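Asks: Position chains Z and X relative to chain E; hints supplied.
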Amino acid sequence: MKSYTEYLWFNTKKRRQLINITPRIQEAVRKSGVKEGFCLVNAMHITASVFINDDEGGLHQDFEEWLEKLAPYDKAKYRHNLTGEDNADAHLKRTIMGREVVVAITGGKLDFGPWEQIFYGEFDGQRRKRVILKALGE
Amino acid sequence: MKSYTEYLWFNTKKRRQLINITPRIQEAVRKSGVKEGFCLVNAMHITASVFINDDEGGLHQDFEEWLEKLAPYDKAKYRHNLTGEDNADAHLKRTIMGREVVVAITGGKLDFGPWEQIFYGEFDGQRRKRVILKALGE
Amino acid sequence: MKSYTEYLWFNTKKRRQLINITPRIQEAVRKSGVKEGFCLVNAMHITASVFINDDEGGLHQDFEEWLEKLAPYDKAKYRHNLTGEDNADAHLKRTIMGREVVVAITGGKLDFGPWEQIFYGEFDGQRRKRVILKALGE
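Chain order of the listed sequences is E, Z and X. The numbers in our numbering rise by one with no breaks, and the one at position 4 of the first sequence is 4. The numbers in our numbering rise by one with no breaks, and the one at position 79 of the second sequence is 79. The numbers in our numbering rise by one with no breaks, and the one at position 65 of the third sequence is 65.
If you're looking for bench data, these hints aren't it; they were derived computationally from the structure. Treat the hints with care, as some may be off.
What the hints assert, rightly or not - Chain E regions said to be covered by chain Z (calculated; three or more residues, Cβ under 8 Å):
#1 34-41
#2 45-58
#3 112-120
Bear in mind that the values here come from a model prediction, so they are computed numbers and not experimental data. All C-beta atoms, glycine included, are put in the ideal place defined by N, C-alpha and C.
Here chain E stands alone, though its shape is the one from the complex:
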C-alpha cells in the first residue's frame, strides 16, 4: 500500500478566483506511484473550495454571478461578520461549491471523463491558503 501527501499554496490576486489545478494534481499522482486508488484533494480553509467542472470562461462568470445571487456578499447581512470578518458569504459560497473531491486513480492516472477539470475556488483570497492532496492505493 502506498500513500502520498502534497500541499499546494495559493495567494490569489482577486478576492474571488477559480484556478485550474488539474496539471498539478496529475503531476502529484504521477509522483505518488499509486496505480490503482483514490486521490483526495480538499481546501484546508473554510472559505475556499476544490471542485470539478468545465474549464470554460463563460461558465466561470456564470458561477460568479450565480453564487453572488445565492449567497450575496452584503457585509451587514450576516451575524458572522459581527466578529470583525467580512467573509460570511465566502463560507456559504464554498458550501455550495464543496470542500473536496475524491478522484479514482486507474493505471496511474486520474480516471476522468472528457471534460472533468479540478479547480481551486477562492472566495476570500489575497492571502496565503493551502490545499492538500493525498493519494492512497497500490
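Replies: Relative to the frame of chain E, chains Z and X by itself:
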C-alpha cells in the same frame, strides 16, 4: 489490498432524470471482493450527478422544481451558452446535487442507513454518459 | 492495511441543530491506529449532514437563515410531504450542506487547516440517528 473498477453507461430518455443505481453498485461491490473499504461512485460528466437520498417519487419532483428555481434553464441567461451550448443550468444543478459519493463497505456490503439509496442525476441527457465506480480496501 | 469503523448516535433536542463532532472523530482516528490514510464520515440518514466549516455561533445562525431561505420548511409546498412526512425541506437542506466528508489522516491525525471543524448537521431531529466513521490506511 484490493481494487475494483467498473463503468456504468446511461442514456436517459428525458433531459433531466433520476435513476436509482443502488442495485448495480451493490452488485459491483460484491464482485469487487472488498470486505472492508470505500466505494467511490462519481459522474464522469460535468452536467450529471451521483448523490444519495430517498427513493420517493414526490421528493424527486420536489428536487426537480427546487433545482429549476435555484438554477433555471433560461438559455439566454448564461454566458456559457454563448459557446453554442444550452446546458449552463445543468452545470449549476449538478453543483448543488454533487459529483460523487464515497460509501463505506463493511462486511462486504454498502454500510447504509435505512433509507439511503444512490442515484444517478442527469441534467442534460438524451446522450451516452458514464459513471465510474471504484472500490478500494481489503 | 488497517480499517476501523465506528457509529455515532445523535438525538438532538431541537429539530435543527449543528454539533461539533471533531473531538469524537479525532479520538476514533487515534483508536483506528491508521497513520496515513483517509477518514470517511457521513450521515446515515438523508435529512442530516456531515460537513466541515467554522465553529462560530454567528455563522451557524447565518447557515440556519440561509438554508431556510433556499429551502424553506413550508410544509404545504412539497409533494414529498403528501406521504405524511413534513421533512421535505430537510432533504433539500442536507443536499446543500452535503452528506459526507473525507479527511486525510497524516501522522495519525486529521490533516486539517487552522479552522476546519467537523459538524453533524441535523435538519429533522428529535429522534435517534446515526453517523458512520470509517478510517482506511496503514
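Asks: So, against the hints stated earlier in the document, which numbers end up violated here?
Replies: Going through the list in order, the structure violates no hint and respects every one.
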